[in-house]
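2 protein chains.
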Amino acid sequence: MKKKTLVNVETKLFTFAEPPNELLFESGQKLGPITLAYETYGDLNQDASNAILVLHAFSGDAHAAGYYKGDKKPGWWDDMIGPGKALDTDKYFVISSNIIGGCKGSTGPSSKNPKTGKPYALDFPVVTIADMVNAQRRLIDHLGIHKLLSVIGGSMGGMQALQWVAAYPERIRSAIPIATALKHSPQQIAFNEVGRQAVMADVEWNHGNYYGKSRPERGLAVARMVGHITYMSDKSMEEKFSRKLKEKDSNYKFDADFEVEGYLRYQGDSFVRRFDANSYLYITKAIDYFDLSGAKLIPTGKSLDVAFLVIAFKSDWLYPPYQSQEIVRQLKMRHMDATYMEIRSTYGHDAFLLEVEEETMLIRHFLGRIFAERGRNAK
Amino acid sequence: MKKKTLVNVETKLFTFAEPPNELLFESGQKLGPITLAYETYGDLNQDASNAILVLHAFSGDAHAAGYYKGDKKPGWWDDMIGPGKALDTDKYFVISSNIIGGCKGSTGPSSKNPKTGKPYALDFPVVTIADMVNAQRRLIDHLGIHKLLSVIGGSMGGMQALQWVAAYPERIRSAIPIATALKHSPQQIAFNEVGRQAVMADVEWNHGNYYGKSRPERGLAVARMVGHITYMSDKSMEEKFSRKLKEKDSNYKFDADFEVEGYLRYQGDSFVRRFDANSYLYITKAIDYFDLSGAKLIPTGKSLDVAFLVIAFKSDWLYPPYQSQEIVRQLKMRHMDATYMEIRSTYGHDAFLLEVEEETMLIRHFLGRIFAERGRNAK
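Chain order of the listed sequences is A and B. Note that our numbering has the first sequence beginning at 28, numbered continuously upward. Note that our numbering has the second sequence beginning at 28, numbered continuously upward.
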């Protein structure tokens with residue numbers, strides 16, 4: 028049976044415009060007005076107890092599910108969100124929120140600074156995952172939701188979910204961090220730093236002042252290529268490309284010979300058309316700064332009334348399972364309700380977007396339980 | 028007891044200058060004169076049966092051991108080569124050969140084209156590992172050695188050793204490929220391709236015509252940073268850097284915060300002072316093209332009278348042990364004398380330069396056996 032899909036989806040904007048509605052950033056800088064792009068699917072029930080917040084990964088956006096009017100490609104997690112799917116929109120009210128610092132409709136370095144009439148560029152404050160979540164908390168207030176049924180996300184989306192736990196545990200019943208970590212290891216920082224260096228090495232970057240001029244496309248493309256290697260596994264690359272040769276575009280000596288080279292170049296080129304180089308710098312830094320290791324995930328040290336489903340993937344070497352196990356260890360030390368699942372996938376980090384069947388089974392069951400228990404746990 | 032060291036070491040040049048002494052490249056192009064830089068340590072014995080050829084990795088050079096006059100830093104494998112060391116220069120005559128296509132004294136894209144008086148740049152022919160070994164074979168002829176006791180190298184040096192097996196099995200008694208592979212996987216090609224793209228994205232690269240002008244230093248530095256991540260392991264980075272912060276050089280927003288970032292920047296910056304960007308492109312391509320998989324290592328299909336010691340490192344994710352095991356599998360299928368050793372190191376790919384003690388034990392014993400048997404095996 029073919030599943031129904033959501034159509035005529037629209038991205039909405041939430042702006043908290045007037046002082047004191049500006050946002051105080053972790054860095055101490057204030058900025059306003061702030062806009063967050065978001066989408067919603069399904070309907071909020073009477074007691075506002077069926078809302079799930081979906082948080083996206085590094086290069087994602089608010090468009091998680093369904094089709095824009097006339098569009099041929101659905102949102103990035105359409106396999107998981109919709110009628111009868113893991114996040115069942117017949118039952119739940121699903122909110123997908125973008126992040127500040129980005130370039131997908133929310134306020135970020137490419138937004139116009141109302142004080143100068145020009146894009147902020149590097150005048151934009153340092154952004155942290157906590158800043159992103161603080162802005163999202165205002166959106167949730169605005170939507171009239173006191174307590175989210177769940178916060179869910181993969182990769183950087185998982186970090187946002189963990190930040191919700193650390194900052195607003197009383198606002199959530201459960202959290203589903205997928206393929207993520209409590210902090211970046213030096214290897215993960217190193218990959219991000221190489222991407223930043225590639226962007227900043229491009230003369231067009233011009234210390235961030237490239238708006239209205241030619242953009243640092245070549246540097247940003249190189250940065251994205253590095254990323255794509257880390258999203259796949261050795262094995263999934265072998266299965267997809269092996270050493271297959273591609274038809275050469277020219278007789279140029281350093282033209283792409285192998286299919287994998289053509290794939291990376293394509294990924295790099297298409298990324299620069301949809302992403303802002305300064306956002307690349309700000310968001311990767313936010314990820315590197317993120318650190319909820321040790322006692323920081325639960326600063327009170329007391330067991331929280333938040334249930335967890337933690338999911339990792341065996342072949343994910345960018346966010347290896349040991350990092351998810353560390354999340355679970357922190358929870359179990361506080362006798363909390365936490366389920367850990369390691370999915371046997373060969374897709375590497377990308378698995379969180381691809382292993383739909385197993386994720387659906389796990390998440391549907393978990394959410395069903397939390398939803399059923401919501402009355403009992405109400406405080 | 029402190030080991031003796033070699034002093035007053037000198038790099039020599041071997042040039043095969045007159046036609047027909049030019050080199051026919053695999054690509055079909057001919058080039059001459061060709062110069063190879065090399066060093067020798069110890070003395071050749073009377074029947075020229077104690078010669079070992081050392082082959083270096085991607086960014087290495089002929090200076091493998093001892094000290095140049097007045098120099099404070101020894102060659103790159105000084106821990107392994109010298110009196111009483113694994114490659115014992117009291118017993119063996121050790122030759123360390125550079126490669127063509129490089130920028131360390133041998134003919135490469137930065138060498139002057141005698142026909143134009145200018146550097147070859149991209150007019151230099153495509154170089155393969157087979158071309159490198161063909162040039163080395165002329166050097167071995169020139170040194171009056173009919174049969175090498177062993178060929179040994181790590182990483183790309185291991186590929187050269189394997190190429191000696193495939194092309195000149197009658198000229199070697201043994202081979203010691205370390206932390207290497209019969210062919211690059213798509214992931215390995217992908218990392219090299221990202222490095223090449225970083226170089227070519229630099230406007231200073233100028234399609235290879237930067238000699239005498241400003242060089243593509245920023246792009247080459249980014250390429251090197253990617254390399255350095257792949258040379259270490261997740262664990263060795265954790266042990267070396269963890270999330271330690273460094274003192275910031277400035278208040279600049281995207282200055283290095285973490286020690287690992289400072290380390291990568293330092294590695295990138297120091298590399299561009301000693302390496303040519305076009306050589307980077309040519310040599311990484313040579314590595315990607317290399318393919319002795321399946322029957323290609325031993326084209327006759329018959330068992331060879333060449334003994335093998337194959338060494339891999341548990342935490343090496345750039346050249347994972349399964350690639351060394353595949354070499355051994357090919358040898359064992361032909362009932363050949365092959366010893367496989369996987370060293371439990373946390374250093375990642377760099378282990379072949381660092382795990383001196385275990386390597387010394389293995390290699391000294393292996394070479395001793397081959398040297399003792401040389402009379403018996405003589406044909």
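Think of the hints as simulated: they come from the structure by calculation, not from any bench. Treat the numbers as computed from the prediction; the structure is a model and nothing was measured. By construction, the Cβ of each residue, glycine as well, lies at the ideal position given by its N, Cα and C atoms. Keep in mind that the hints are not guaranteed to be accurate.
As the list claims (entries may be wrong) - Which bits of chain B does chain A cover? Going by a derived footprint, with three or more residues having C-beta under 8 Å, they are:
(1) 114–123
(2) 220–233
(3) 245–253
(4) 266–274
- request: Quick one: see if chain A covers the stretch 266–274 of chain B, three-plus residues with Cβ-Cβ under 8 Å.
  value: holds (count 4)
- prompt: Are three or more residues of the stretch 114–123 of chain B within 8 Å, CB to CB, of chain A?
  reply: Violated, because only 0 residues of the stretch 114–123 of chain B bring their Cβ atoms closer than 8 Å to Cβ atoms of chain A.
- prompt: Counting residues of the stretch 245–253 of chain B whose CB is closer than 8 Å to a CB in chain A, do you get three or more?
  reply: holds (count 6)
message: Count the residues of the stretch 220–233 of chain B whose Cβ falls closer than 8 Å to any Cβ of chain A, and tell me whether that reaches three.
response: Answer holds; 9 residues pass the 8 Å Cβ test.
The structure fails to meet hint 1 from the earlier list, while all remaining hints are met.
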